[in-house]
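A.B. asks: Listed here are the chains, written in short residue letters.
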Amino acid sequence: MIAEASHAHEEGSKLYIMIWLGLLALTAVEVVLAYVQVFSTEGMLAVLMFLSLIKAAMIVAYFMHLRFEKTTLVWSLIPAVTVVIMLLFIFFPDAVRALELRVPQP
Amino acid sequence: MADHVNAVQLATGDWAGGSFPYAVGHKKLGMWLFILSDSLTFSALLMAYSYVRVATREWPQPFHFWPSVVTATVMTLVLLSSSLTMVFAVAAAKRGNRRGAVLNLGLTMFFGLTFVVLHANEWGVLIHEGVRLWQNPWGVPLFGATFFTLTGLHMFHVITGVAYLAAVAVGFGKGSFTSDDVEVSGLYWHFVDLVWMFIFPLVYLLSVKG
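Protein chains in written order, with the numbering used here: chain W, 724 to 829; chain A, 35 to 244.
Worth double-checking, as some hints may not be accurate.
Stated by the list, open to error - Not everything, but these chain A residues come out facing chain W in the computed CB check (under 10 Å):
1. W157
2. V159
3. W223
4. L240
Stated by the list, open to error - Here are the computed lysine-lysine pairs in the BS3-like style, where the Cα-Cα straight-line distance is at most 27 Å:
5. K793/W with K61/A
6. K128/A with K208/A
7. K208/A with K793/W
8. K737/W with K62/A
9. K128/A with K62/A
10. K737/W with K793/W
11. K128/A with K737/W
12. K61/A with K208/A
13. K62/A with K243/A
14. K61/A with K128/A
15. K737/W with K243/A
Quick caveat, the hints were computed from the structure, so don't treat them as lab data.
Ideal Cβ placement from N, Cα and C applies to all residues, glycine included.
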């Protein structure tokens with residue numbers, strides 16, 4: 724019984740350390756991208772957001788344990804916040820359009 | 035007989051109150067709901083920042099790769115490591131290992147404080163260069179407003195988190211808090227870590243001096 728528990732404990736620690744290493748690796752990718760600067764601002768924004776969303780999902784699923792909670796909890800929490808955040812982005816294309824709408828400086 | 039048992043289970047089941055449809059305690063559910071609302075606060079701020087960032091071609095890019103971005107990367111490493119020790123603290127608490135839990139909570143607080151010190155130093159450098167809430171030497175006044183609001187609110191969360199963890203560590207060490215309280219404080223701490231995963235790329239990596 725005790726041996727079993729300590730085995731599960733080791734498995735758990737190993738999983739968390741793997742997640743931690745994965746998060747560090749994704750961070751390293753982001754920093755390297757910032758160093759080489761191959762993307763435009765909008766492209767960089769899209770790539771960084773994509774990588775950050777993966778990192779956020781890893782933290783929520785494993786560190787915050789949501790993957791192992793009852794599915795009803797996941798369905799009550801995640802879709803609501805996702806929809807509201809997507810609503811925030813409705814007018815985001817205006818940010819790019821605003822660049823061309825600007826009155827030229829005399 | 036079996037039908038009677040089923041009927042009783044139905045009557046006393048989901049609709050009779052007193053059950054846990056989410057199979058979590060009220061503290062944990064409360065923390066999740068708080069995290070939801072807090073994540074919307076940060077989303078709105080990050081969204082507003084990203085909007086003006088993309089809509090302004092001459093946005094200041096004051097962050098040299100060395101030392102600013104390297105420091106911010108170290109801060110990210112520190113915060114991610116604090117999440118790892120937090121996970122270990124929760125695991126130790128669930129196993130009833132009081133000493134291990136308090137030790138790991140202490141490590142988490144140490145990492146949190148390291149983050150605050152590094153970030154305060156970063157603020158000092160920028161303020162020394164003349165960045166204020168309403169003005170800075172590089173022209174776009176919104177730079178200072180967005181930078182200090184975003185990172186300031188986040189740093190406030192980290193400081194609050196350290197105080198929260200300290201209270202939980204003392205309470206759990208004395209036995210007045212349960213392992214569930216440690217777990218709930220962990221949820222908050224991981225959320226603070228998660229927010230930094232967005233602030234770091236958006237504020238720093240997007241404005242590296244070319």
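A.B. asks: Are the hints correct? Go through all of them and say.
C.D. replies: The hints, checked one at a time:
1. W157: 20 Å, violated
2. V159: Constraint on V159/A not satisfied, violated at 18 Å.
3. W223: Holds - the Cβ of W223/A comes within 10 Å of chain W, reaching about 9 Å at its closest.
4. L240: Status holds, d = 6 Å.
5. K793/W with K61/A: 16 Å, holds
6. K128/A with K208/A: 16 Å, holds
7. K208/A with K793/W: Violated, because 31 Å separates the two Cα atoms, which is more than 27 Å.
8. K737/W with K62/A: 25 Å, holds
9. K128/A with K62/A: Holds - the C-alpha atoms of K62/A and K128/A are around 15 Å apart, at most 27 Å.
10. K737/W with K793/W: 23 Å, holds
11. K128/A with K737/W: 17 Å, holds
12. K61/A with K208/A: 20 Å, holds
13. K62/A with K243/A: 43 Å, violated
14. K61/A with K128/A: Holds: K61/A and K128/A sit about 16 Å apart, inside 27 Å.
15. K737/W with K243/A: 38 Å, violated
Hint compliance for this structure: hints 1, 2, 7, 13 and 15 are broken, all remaining hints hold.
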